[in-house]
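When you get a sec, could you build the whole thing from the sequences and use the hints?
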Amino acid sequence: MATCCAGKTILVVEDSRHASDALRLMLRHLGARMRRAGTLAEAGRHLTLYRPDAVVVDLGLPDGPGERLIASLALDPRRPARILALSALPERGADALACGADAFVEKPVPGLRALAAALVPDVVLPRSLDAPLAAPDRRSLRDDLETVTALLQDDPDPNACRYASEFLSGLALQTGDGPLAAMAARLSDGADPGLLLRMIADRRAALPML
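In the numbering used here, each number is its position in the sequence shown, counted from 1, plus 143.
Treat the hints as calculated values from the structure; they're not laboratory data. Computed from a predicted model, the values in this text were never measured in an experiment. Note that the Cβ used here is the ideal one computed from N, Cα and C, for glycine as well. Treat each hint with caution, since some may be false.
Claimed, not checked - DEER-style ranges, computed between Cβ atoms:
#1 289 <-> 187: 21 to 31 angstroms
#2 335 <-> 192: 13 to 23 angstroms
#3 325 <-> 348: 19 to 29 angstroms
This is how it looks when you write it as structure tokens:
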């Protein structure tokens, strides 16, 4: 285990449970303690109770853009030492940096070294950070797929479809699921969600029960 983040508390604002589990494994290896919020509202409640050493913000959240939280944190007199932005859409990086993020990391996070370099850029990082990590629990993937299923049932509006498309795109990249990524992209272009729901149902059936 590396110690470059030992003793630090990291607030991760991430709606995907699967992506959060992957980050938790990474941060634990770096010696940090992770707290998670799944929405902007939850992040606000966390920040009224304690001040993390760093905040990692996914830009596509269910109750608003992550850039909103980044801009607020950047102007706060008690600003965290590091603010990181995450997204599966690299084109969102420039806006996140303009809002005050210290670094942008494209999802899925490529590895321990990339995450550590963004969190503690002035620290010499050990070679051990190049070692592979265990994959997150696949039950968290099932949880995410159930979240998207609930969003897309019963005639979803365009906003729900756009959010589901971005959420699924990130999840597909995290899991290396090319067909799911392609179908998620079609949803953002206005495709009927029925075929995507059937694809999600097939993947859920192959995963362990919660």
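- [ ] May I ask you to test the hint 13 to 23 angstroms on the CB atoms belonging to residue 335 and residue 192?
- [x] violated, 43 angstroms
Query raised in the report: Between residue 289 and residue 187, does the beta-carbon spacing fit 21 to 31 angstroms?
Result: holds, 26 angstroms
Determine whether the Cβ-Cβ distance between residue 325 and residue 348 falls within the hinted range of 19 to 29 angstroms. With Cβ atoms ~20 angstroms apart, the hint holds.
In this structure, only the earlier hint numbered 2 is contradicted, and the remaining ones agree with it.
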